[in-house]
Amino acid sequence: VTDRFRLDRRPGGLSRRDFLRYAGTAGLSLGALGLAGCSDSGSTSDAPADAAAPQATSGASGSAGPVSGRVEVWFYGEAASLASFETIFDAFRQLQPEIELVTEALPAGSWSAYADTVASRIAGGQVPDVLRIATEGQRVFAHRGLLAPLDPYIERDRDQLTDFFEDSSPQFREWQEQFSPDGQTYFIPAGFNTMVVWYNQRVFEEAGVEPPQDDWTWDESRRKSEQIFEATGNFAMNIPPAYFAGVVPWLLSNGASVMNADWTAATLDTPEALEATRFMVDYVQGQLSPEPGGEFDQFALTGQGEMAMFGGGRWPLAAIRDQEAVDDMAIVEWPQGATKGTPVGWSGWPMLEASENKDAAWEFLKFMTTVEASEAQASGGTEVPPRESVALGPLFAENAPEGMGKVFEAVEYATPIPGPDEGAVIQADIEDTFEQMFIGNVPPQEGLEALNERINGLLQV
Amino acid sequence: VSARPKLLDEPAPDEAPVEGRRSEPKKERPGRLRRRDALVAYAMISPAACFFVVFILAPTIGALVLSFYRFDLLTPPEPAGLDNYRILFTDQVTVTVLVNTFVFTFWAVLLHVVPGLALAIAVNRPIGSKLKYFLRTSYFFPLLVSWSAVALIWRYTLDPNFGIFHYYAQQFSSTMPNFLTSPTWAMPALIFIDLWKTIGFTFIILLAGLQTVPRRLYEAALIDGAGAFRRFWNVTLPMMSPTLLFVLVITFIGAFQLFEPMFIITEGGPGNATRTIVMHIYETGFRRFQMGYASTLAIVVLAVVMVVTLLQLWASRYWVHHD
Chain P
1 VTDRFRLDRR
11 PGGLSRRDFL
21 RYAGTAGLSL
31 GALGLAGCSD
41 SGSTSDAPAD
51 AAAPQATSGA
61 SGSAGPVSGR
71 VEVWFYGEAA
81 SLASFETIFD
91 AFRQLQPEIE
101 LVTEALPAGS
111 WSAYADTVAS
121 RIAGGQVPDV
131 LRIATEGQRV
141 FAHRGLLAPL
151 DPYIERDRDQ
161 LTDFFEDSSP
171 QFREWQEQFS
181 PDGQTYFIPA
191 GFNTMVVWYN
201 QRVFEEAGVE
211 PPQDDWTWDE
221 SRRKSEQIFE
231 ATGNFAMNIP
241 PAYFAGVVPW
251 LLSNGASVMN
261 ADWTAATLDT
271 PEALEATRFM
281 VDYVQGQLSP
291 EPGGEFDQFA
301 LTGQGEMAMF
311 GGGRWPLAAI
321 RDQEAVDDMA
331 IVEWPQGATK
341 GTPVGWSGWP
351 MLEASENKDA
361 AWEFLKFMTT
371 VEASEAQASG
381 GTEVPPRESV
391 ALGPLFAENA
401 PEGMGKVFEA
411 VEYATPIPGP
421 DEGAVIQADI
431 EDTFEQMFIG
441 NVPPQEGLEA
451 LNERINGLLQ
461 V
Chain G
462 VSARPKLLDE
472 PAPDEAPVEG
482 RRSEPKKERP
492 GRLRRRDALV
502 AYAMISPAAC
512 FFVVFILAPT
522 IGALVLSFYR
532 FDLLTPPEPA
542 GLDNYRILFT
552 DQVTVTVLVN
562 TFVFTFWAVL
572 LHVVPGLALA
582 IAVNRPIGSK
592 LKYFLRTSYF
602 FPLLVSWSAV
612 ALIWRYTLDP
622 NFGIFHYYAQ
632 QFSSTMPNFL
642 TSPTWAMPAL
652 IFIDLWKTIG
662 FTFIILLAGL
672 QTVPRRLYEA
682 ALIDGAGAFR
692 RFWNVTLPMM
702 SPTLLFVLVI
712 TFIGAFQLFE
722 PMFIITEGGP
732 GNATRTIVMH
742 IYETGFRRFQ
752 MGYASTLAIV
762 VLAVVMVVTL
772 LQLWASRYWV
782 HHD
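As given, the protein sequences belong to chains P and G, one line each in that order. Read in the numbering used here, the first sequence has 412 at position 412, and its numbers run on one by one without any break. To convert a position in the second sequence, counted from 1, into the numbering used here, add 461.
Bear in mind the hints are in silico, worked out from the structure with no lab data behind them. Just to be clear, a hint being listed does not mean it is correct.
[Unchecked claim] Pairwise CB distance ranges, derived in the manner of DEER restraints: (1) G/567 - P/206: 30 to 40 Å; (2) G/714 - P/261: 42 to 52 Å; (3) P/440 - G/783: 47 to 57 Å; (4) P/223 - G/766: 52 to 62 Å.
[Said to hold, decoys possible] A few chain P residues that don't get close to chain G, going by computed Cβ distances all over 12 Å: (5) 90; (6) 208; (7) 230; (8) 371.
[What the hints assert, rightly or not] Computed from the model, here is a short list of chain G residues facing chain P with C-beta under 8 Å: (9) 531; (10) 535; (11) 616; (12) 619; (13) 620; (14) 624; (15) 704; (16) 707; (17) 728; (18) 730; (19) 731; (20) 732; (21) 749; (22) 750.
We put the beta carbon where it would ideally sit given N, CA and C, even for glycine.
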């Protein structure tokens with residue numbers, strides 16, 4: 001196991017760290033020729049390389065006794081979820097006072113941008129012990145040997161984890177297998193989000209429009225939107241050219257997708273994808289949705305009754321609470337085109353292969369499977385917690401709009417959001433192309449065909 | 462008569478001159494001073510030299526080395542020979558982003574120098590000190606705001622649904638283009654936003670240069686009957702030419718390497734309309750994990766900046782006055 005997953009060493013080859021170190025040292029040495037007073041410059045390149053060369057053994061140590069040492073954890077930094085994470089971290093510190101838990105929230109614009117940040121920092125010699133990573137990044141990290149297989153630990157502590165695996169969604173198992181390069185387990189499930197429709201009940205009531213029901217269709221959503229626009233003059237629903245929160249739910253609810261199931265080829269040249277795109281374009285150009293090209297707060301506008309609906313998962317809750325609009329809001333399933341569909345993005349906690357303190361890191365991962373951790377996540381988090389009993393419990397629904405549980409229920413028919421190795425570039429291209437189609441710069445068919453070709457080109461790199 | 466100050470090495474009057482002794486210090490003193498001066502000089506420049514070596518020279522050499530490798534950041538690098546340089550000449554996106562970068566840089570330099578000089582001359586006129594202080598602060602203030610905040614301000618301002626520009630256009634029954642998503646308007650919008658944020662730097666440098674022009678030259682020109690334009694053309698511009706050269710060089714280098722507004726405001730779009738070479742380097746290296754090719758592009762940027770700067774310095778001999 002150790003040899004197979006080692007990050008830095010390759011028989012007969014130059015390691016990544018050695019390469020960086022030699023390149024840096026060569027540069028410094030050349031530059032330092034004839035220069036007085038720079039004798040300590042060499043240490044500048046040595047320090048990160050040495051610090052970033054942890055070569056611990058893989059696999060559980062065999063004993064589940066007391067552990068200690070330093071564990072560094074990185075996670076996606078969102079203001080809305082910081083408090084709940086701090087609650088979780090503090091609880092762990094109290095439970096394991098011998099373990100020095102160091103946490104760092106990495107802010108980013110999206111999960112794929114966060115994955116890029118993590119990769120860059122790892123390349124720069126900073127390697128955490130544990131990391132939170134979402135669908136947009138899981139495969140690239142697992143396939144490049146950066147993560148340690150968790151099966152030996154799970155096997156060792158099976159008794160303590162049985163309750164968690166029985167209580168968590170069976171889909172996690174499927175998704176793990178989909179992302180695993182060798183069938184082994186690399187992630188402890190951290191949570192997920194699906195896409196549902198949030199709507200302001202007061203807007204519907206004042207416009208005299210029947211509020212949507214779970215089995216509503218695209219045609220109904222269009223009709224209701226037109227009625228609301230006619231009655232109020234306001235936008236009905238925001239359809240942004242966003243990857244997870246805009247484009248993909250409409251594609252999936254028409255039986256289309258961005259890519260095939262194993263993310264090896266683009267599938268945007270299908271009639272279903274074209275139909276879904278034309279529906280979105282007509283929605284925006286019919287002034288039922290704001291035109292992209294600037295900045296506005298869709299959650300605040302809807303909370304204030306200036307817009308009727310928006311798509312989202314669990315994460316808009318903090319903004320809606322800030323608006324004190326929880327009682328006005330309600331949640332329904334995504335409207336159906338040709339089929340019922342929505343994306344799911346899930347996050348997991350992997351342990352880094354380069355971690356020097358795997359036993360302590362494992363203790364942290366185990367703690368993340370507890371009811372306590374799921375409950376802290378449910379009360380203030382931006383994701384659905386992994387434990388079903390918590391996601392369907394009173395804490396998750398507390399101070400939340402009616403129908404909050406639908407974000408959890410949607411996982412039954414949801415499709416994982418594609419996150420291939422070139423995910424960040426592909427996502428940016430999809431968002432840019434749909435933006436151009438929305439505002440009429442590019443016709444839908446032409447835009448989709450060109451985009452399909454570009455994505456295929458990127459997937460074949 | 463005041464006493465002549467005694468030199469340190471001058472022998473005391475009661476000391477008898479000894480053959481050979483008087484000439485000894487004369488031989489040692491210059492050498493000793495030179496060594497001491499050299500040591501002091503080395504000590505003085507060593508922080509800057511260390512900084513240059515660690516943060517500029519070494520990364521440059523590192524980038525040069527990397528440009529001959531395939532390196533995805535996460536796995537060991539593999540030698541690539543000249544492959545990255547071959548890709549450079551077939552990559553259509555690189556041509557597009559280089560053209561974008563030159564277009565942005567041309568307008569940025571032109572619009573920073575000409576209005577910057579006009580603003581500096583306007584503020585340098587005899588106006589009330591409070592008004593002068595207010596104007597100086599107003600022009601310079603946007604420079605203190607981070608690019609992230611500036612990006613957000615302008616994304617809100619230019620929003621086609623709720624932005625203030627579109628609101629006032631509607632009040633006058635007019636329409637505005639969707640600035641940030643239009644292939645025609647996105648680049649001009651970024652040039653304008655960059656001008657709004659950074660013209661304060663050019664302005665303050667040119668104002669400082671303007672204040673060093675000796676007043677007697679204007680007085681002499683006035684006596685000779687020179688009008689306002691003559692005084693500007695024959696006095697202000699020649700005397701400002703070293704400052705203008707500095708501003709041209711600095712503005713060119715800054716504009717050519719600008720990254721933040723394209724990355725935050727338009728993300729290089731629509732399409733590649735506002736994608737610049739430095740953004741392309743970032744995306745190639747840190748989004749596509751092609752660090753070898755990204756380094757090759759970085760070497761191109763280094764070469765372009767170096768050649769244009771040298772051209773500017775060479776051309777300066779024909780128009781810069783060092784009086």
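We went through each hint and held it up to the structure:
no.	hint	verdict
1	G/567 - P/206: 30 to 40 Å	violated, 53 Å
2	G/714 - P/261: 42 to 52 Å	holds, 49 Å
3	P/440 - G/783: 47 to 57 Å	holds, 56 Å
4	P/223 - G/766: 52 to 62 Å	holds, 58 Å
5	90	holds, 30 Å
6	208	holds, 24 Å
7	230	holds, 18 Å
8	371	holds, 35 Å
9	531	violated, 11 Å
10	535	holds, 5 Å
11	616	holds, 4 Å
12	619	holds, 5 Å
13	620	holds, 2 Å
14	624	holds, 5 Å
15	704	violated, 32 Å
16	707	violated, 26 Å
17	728	holds, 6 Å
18	730	holds, 4 Å
19	731	holds, 5 Å
20	732	holds, 7 Å
21	749	holds, 5 Å
22	750	holds, 7 Å
The earlier numbered hints that this structure contradicts are 1, 9, 15 and 16.
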